[in-house]
Amino acid sequence: MMSPNLTASGGCSASACGSAAAPEDMAPEVWAKVKNHPCYSEEAHHYFARMHVAVAPACNIQCNYCNRKYDCANESRPGVVSERLTPEQGVRKVLAVAASVPQLSVLGIAGPGDALYDWKKTKATFDAVVKELPDIKLCLSTNGLALPDHVDEIVAMNIDHVTITINMIDPEIGAKIYPWIFHQHKRYEGLEAARILHERQMLGLDMLVARGVLVKVNSVLIPGVNDEHLIEVNREVKKRGAFLHNVMPLISDAAHGTHFGLTGQRGPTAEELKKVQDACEGGTKLMRHCRQCRADAVGMLGEDRGQEFTLDKLPETIEIDFARREAYRRQIEAKRELAAFARMEVKPMETKPSRVLTVAVATKGDNLINQHFGHAKEFLIYRADALGVSFLGARKIDDQYCQGGLGEDSSLSRIVALIRDCDAMLCAKIGGCPWGELAAAGIEPIDDYAHEFIEPSIAALYAKRCADAPADA
Amino acid sequence: MAYKIVASQCSACGACEFECPNAAIAMKGDGFAIAAAKCTECEGEEPRCIGVCPVEKTIVKA
Ligand code: SF4
Ligand code: SF4
Ligand code: SF4
Chain A
11 MMSPNLTASG
21 GCSASACGSA
31 AAPEDMAPEV
41 WAKVKNHPCY
51 SEEAHHYFAR
61 MHVAVAPACN
71 IQCNYCNRKY
81 DCANESRPGV
91 VSERLTPEQG
101 VRKVLAVAAS
111 VPQLSVLGIA
121 GPGDALYDWK
131 KTKATFDAVV
141 KELPDIKLCL
151 STNGLALPDH
161 VDEIVAMNID
171 HVTITINMID
181 PEIGAKIYPW
191 IFHQHKRYEG
201 LEAARILHER
211 QMLGLDMLVA
221 RGVLVKVNSV
231 LIPGVNDEHL
241 IEVNREVKKR
251 GAFLHNVMPL
261 ISDAAHGTHF
271 GLTGQRGPTA
281 EELKKVQDAC
291 EGGTKLMRHC
301 RQCRADAVGM
311 LGEDRGQEFT
321 LDKLPETIEI
331 DFARREAYRR
341 QIEAKRELAA
351 FARMEVKPME
361 TKPSRVLTVA
371 VATKGDNLIN
381 QHFGHAKEFL
391 IYRADALGVS
401 FLGARKIDDQ
411 YCQGGLGEDS
421 SLSRIVALIR
431 DCDAMLCAKI
441 GGCPWGELAA
451 AGIEPIDDYA
461 HEFIEPSIAA
471 LYAKRCADAP
481 ADA
Chain B
20 MAYKIVASQC
30 SACGACEFEC
40 PNAAIAMKGD
50 GFAIAAAKCT
60 ECEGEEPRCI
70 GVCPVEKTIV
80 KA
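Listed in order, the protein sequences are those of chains A and B.
For the first sequence, my numbering assigns the number 11 to the initial residue and increments by one for each residue that follows.
For the second sequence, my numbering assigns the number 20 to the initial residue and increments by one for each residue that follows.
Everything labelled a hint here was simulated from the structure, so no lab data went into it.
Be aware that one or more of the hints could be misleading.
As the list claims (entries may be wrong) - Mimicking DSS-like on lysine-lysine, the simulated pairs with C-alpha atoms at most 27 angstroms apart in a straight line are:
no., chain 1, residue 1, chain 2, residue 2
1, A, Lys387, B, Lys47
2, A, Lys374, A, Lys387
3, A, Lys133, B, Lys47
4, B, Lys57, A, Lys130
What the hints assert, rightly or not - Listing some non-contacts, in silico: residues in chain A with all C-beta distances to chain B over 12 angstroms:
no., residue
5, Ile71
6, Ala166
7, Asn168
8, Arg197
9, Glu246
10, Arg250
11, Lys284
12, Ala337
13, Tyr338
14, Val366
15, Gly441
16, Ala450
17, Tyr459
18, Lys474
19, Cys476
What the hints assert, rightly or not - Over 10 angstroms on every C-beta distance to chain B, these chain A residues come out as not near it, computed from the model:
no., residue
20, Leu105
21, Asp128
22, Met212
23, Lys249
24, Lys285
25, Arg335
26, Lys374
27, Lys387
28, Gly398
29, Leu402
30, Lys406
Think of the CB as a built atom: it goes at the ideal place given N, C-alpha and C, for glycine as much as any other residue.
Excised from the complex, chain B in its bound form (with noise of 0.2 angstroms):
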């Protein structure tokens, strides 16, 4: 139950990390990473940093 972000697509614009209600998104590298044990899937709701990405298809089920 958890996202992952597809690092050769992210821009590291970092707006999911300021998104995620769980704080499961930090900087890692050159892009940004959800931590899973974290990421609740916002519970049922549209996940929110699917949501504010700009890059299609860049957030997606782990």
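So that you can see chain A by itself, here it is in the shape it has in the complex (with noise of 0.2 angstroms):
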């Protein structure tokens, strides 16, 4: 994750020069992989998008929280069937929305089902595509039960992150979460699957940092089962080398039909997550900006356009203008760069050190504050205290505001609850009506700063509220 970054004391050090500086705290050789990459670089995920195919249904694993005639739950939001593509339906999609999305930079494909447990379909698909568009990164990911069978190959075809989902390191705990695996042709259950697939999960990580693969690891966070556990799987994954640590919430609902559904089994609060993740930071670094994206989304994060590029919708021929994927490449590089200086001007404040804002952004991209209130589809929230501004975390809006009509009043009051904690509201434009509930509630709806920079323009703010309110604080 990319925090802002506050060391540029002028001159230029080669980290903050140039194009998208890395952060401080991030080797440059991981950087350079996952620069361009919206899941792993908070800077990148202002500017490229991903999608994912779901090509790879069969499972070699059964998790408490899946239920396979439904999306896998820790990749996606459960209850919404993903379009099941062959891998040549698969590769079409991935050119049609190349095709019409230049910022398309990564192509992923997880469940449901495991894509290296699936690898026929999955290499397929990866195979060609990769020939229509060399450009394009790809990742994959796994439970990790059949990655030592395929390391080499993962590196062969220039695959350079892997994501596996590691719930726990102590079989003890694991049994609790999956009933049975199938390994080598045969089930195992209990407490000897979890031995099992937690030996196969470190062997993979191993093999993988081995060989200069970025693993991202992803935790689902299962209140009673795993909470406190999940610091230990952080303090393990991190000193095997993973570079990222995603810990996300376990979705359970009854009408999923997952055993955890089924057996009351709650999900965490976002107190309870929150205070996982902040124990875990510090450690493999968490990745705030995920999104727990459909397995088929589409587009920026923050955006799913996969409903515009179902099968029944994809042209018969695809036209690909590589031309115009260049140029938006240059204009990105040249959008980062401004960026970058942009952030460089953010200074730490000649202030009580207690003071803080909490804002909320609505934008579409790009690092700016661009996005209209009733258009937002999620907030970006960061915090501005004396030693620079730093971001927090994406929300979503389940509905959007504008969609339900003018006077939709109980969607408006649900925006203004989930950023209840924020002392302002940063967008483009807002309405009368928004304006008056957001200020009601406390937040201050400002769009002074339409169309600028983000991290700057809270600063800003944040030097202004300091400069209008000495005594307080």
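Using the supplied hints, reconstruct the complex from the two chains, each of which is provided in its own coordinate frame.
What follows is the structure, encoded as structure tokens:
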């Protein structure tokens, strides 16, 4: 994750100069691999798009949070079935998206199913896509059981990111999460199953790290089962060289028909999640901007244009305009450079260190405050204090305020509740009525910074607030 | 001597097709089906298709 670069004290340090500076605490070779990846780089997620195709539905383990009739709960919003595609259909879909979304930089294969267990389909899809789009990055998600068998092929195919879902390092805990696994033609249950899975996950992680493949670890937080334990998981995967650790909440509902859903296992509250994420921070970096997108998500993080690209809507012949993709990349480099320079101006404040400003931002990308309040699908939450501006995470709005037509008060009040803890809300434009509601809730709506860079605007706002009210704080 | 797939239960994940040592399983319509003539019930071992199937009671004695 990229934190605002506050070290620039003039001059041109290697890390802060040129296109999109690497965060100080990330090795340059890691940064080179992730800098255009919207999932891994907080900075990149403002500019690049990713897509997933669900071409590998077979799985070799059973998770208690998963009902295979729906999407895999770990990678998606459950309850919505993804479009199942054959590899040929998957390839056509990728090309159609690339033709109309020049930001597309990442193709991922995740659930439902396991991309490595169903390897033939994964490989066929990747091979065909790379032939047409040599500049695309490939990534895949796995539960790790089949991982050691495919490490060499992963390296040979130039896949430089792999996500492993690791929910435990203690088989006793694993047995509560996984009722069975299927390994070497045989079903294993209980402790034995969890022990084999754990050993294969650690082996696969070590093998990837040894070969220089970036490994992200996803963990599903299951209250009462692995909450405290995830801190140990964090320590272990960090020690073994995972570069990111993403703790996400269990999404559980009886209607999903999962074991956890049916037995009343609840998901964590926002505070419980934050508590574990905070305890892990400083360990492997956490992806606070992860949106837990659907397995067939398409678009920039925080948006899902999947419905525009369902099979029946794909054109017969697909022409990709490579010049347009190239032009977009160049334009992005220029924008990122500007944003990096803008960030350099975010200086620590001469003020009481206790003063904190929490700000919600409506953006549609490019690191700019450029979204109309009523069109926002999510808010990015930032915190400003005496040390500078830092990114806290993204919060999704379930249904858009505008969609319900005028006077959909209930969704407006839900948005107010969503950002209740914020002192201000920055957007490009906002109508009179929502303005009043926000102000009444103590969240100051501000459109003075429309189309300006996010972090410098927040820094300016913070400075202004400090100057306006020097006495309190 | 064969197993069959209860079509209404099958999630069409294809894992059983993948695991069958006798290539007895193939896509049929929206789901998968076992060709009874090819199924050997895995010759006394635990049937692999049942072991890998994520939906309980989907693969049963024909
Ligand atoms: S689920 Fe998280 S990691 Fe996966 S694509 Fe979405 S944001 Fe990226
Ligand atoms: S029982 Fe064995 S041989 Fe018969 S379909 Fe299942 S896996 Fe194939
Ligand atoms: S493993 Fe079960 S659910 Fe999957 S295709 Fe075979 S019968 Fe259907």
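Earlier hints that do not hold, by number: 1, 5, 8, 21
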